[in-house]
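Trainee: So the protein lines, in turn, are chains Y and E. Note that the numbering used here has the first sequence beginning at 572, numbered continuously upward. Note that the numbering used here has the second sequence beginning at 91, numbered continuously upward.
Just so you know, these hints were derived from the structure itself, not from any lab. We put the beta carbon where it would ideally sit given N, CA and C, even for glycine. Check before you lean on any hint, since a few could be wrong.
Here are some chain E residues pointing at chain Y (derived, C-beta under 8 Å) [what the hints assert, rightly or not]:
#1 Trp121
#2 Thr139
#3 Leu140
#4 Val143
#5 Arg154
#6 Ser172
#7 Val177
#8 Arg180
#9 Phe297
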Amino acid sequence: MSARTHRSGPKPPSLTANLLVLAALLVLLALTVGSAFLRLGPGNVAANLGIAGLKAALVLIFYMRLKTDTPLFRIVACVGFAWLAVLIALALADLLTRPA
Amino acid sequence: MSATRPMGATHTAEQFDDPVQQREAATLGMWTFISTEILFFGVLFAGYTLCRVRFAEAFAEGSRHTDLLLGSMETAVLLISSCLVAVSVREVQLGGRRVASWLIAGTALLGCTFLTMHGFEYVSEYHEGLIPFLRYTQTGPHSVPMQMFFCLYYFITGFHSLHVAIGVGVLVIMGRRTHRGDFDQDYHTPLEMTALYWHLVDIVWIFVFPLMYLVGRSG
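So that you can see chain Y by itself, here it is in the shape it has in the complex (with noise of 0.2 Å):
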């Protein structure tokens, strides 16, 4: 059997990759900080939750290597966001639905 060696594992993103995801993430930053001082109404919170997901999204698949390791990380990953997001639906649903 050969021998299997970290090195027959997933490749590792090049440094340019790492540093645009960087620069994105500057970028997104300063957009939100932005758009808290447009008056947006409910579209601020859409836009301030919206980008925060998308800087996680590129942490996770791209620094986190979501994207190239195992799908089975993959499936770990999304259900702990899966619970949280039940939890906070059903939560919201109690509390919204209630006669004021």
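Mind docking chain E on chain Y? Use the hints.
Mentor: Chain E only, in chain Y's frame:
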């Protein structure tokens, strides 16, 4: 223990077939831990969501009391530190041990910078009288429910800072081990797991920042 074991098998525990299987087991364990951490902070975020729906105005006013400039700089510091630790793992994978240990030291330093900046925030909030049960001097129509915002603020940022502090400690150990030559192309799982933990800390802050610092800024 023999020093002449085949390359790549040196660090493999006996229950594993090979280093790849061992790495996958360790990474799966780390992701499971990360999922529990998501739920740990998730409960606090869920509490935040409910209170914010209930006391929207008070949360907007509370958020306007936070230091946006420091908060933004802290976010940038954490994002840059995440990039550094990701590149350090890459360097070790490519055999660049020296550069990697400097990158890890840089990451730990940025973590300390984050903690210092947050410390300054806490101090100025103390002087402003924004800490419920310790020094809370706010008056006005929203001052009572605004305590809810600040309780959540201190719980969430406090636990996050605790995670940052633990991360800095582990990074220092990993930096020393990398410098000493414990990790190479064939074995670097502890460093990889530390990097995953550090990215988690970054992701938590990515959500803390808009929820604590950016509410009600346009009003």
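Trainee: Which hints, by number, does the structure contradict?
Mentor: Hint 5 contradicted; others consistent.
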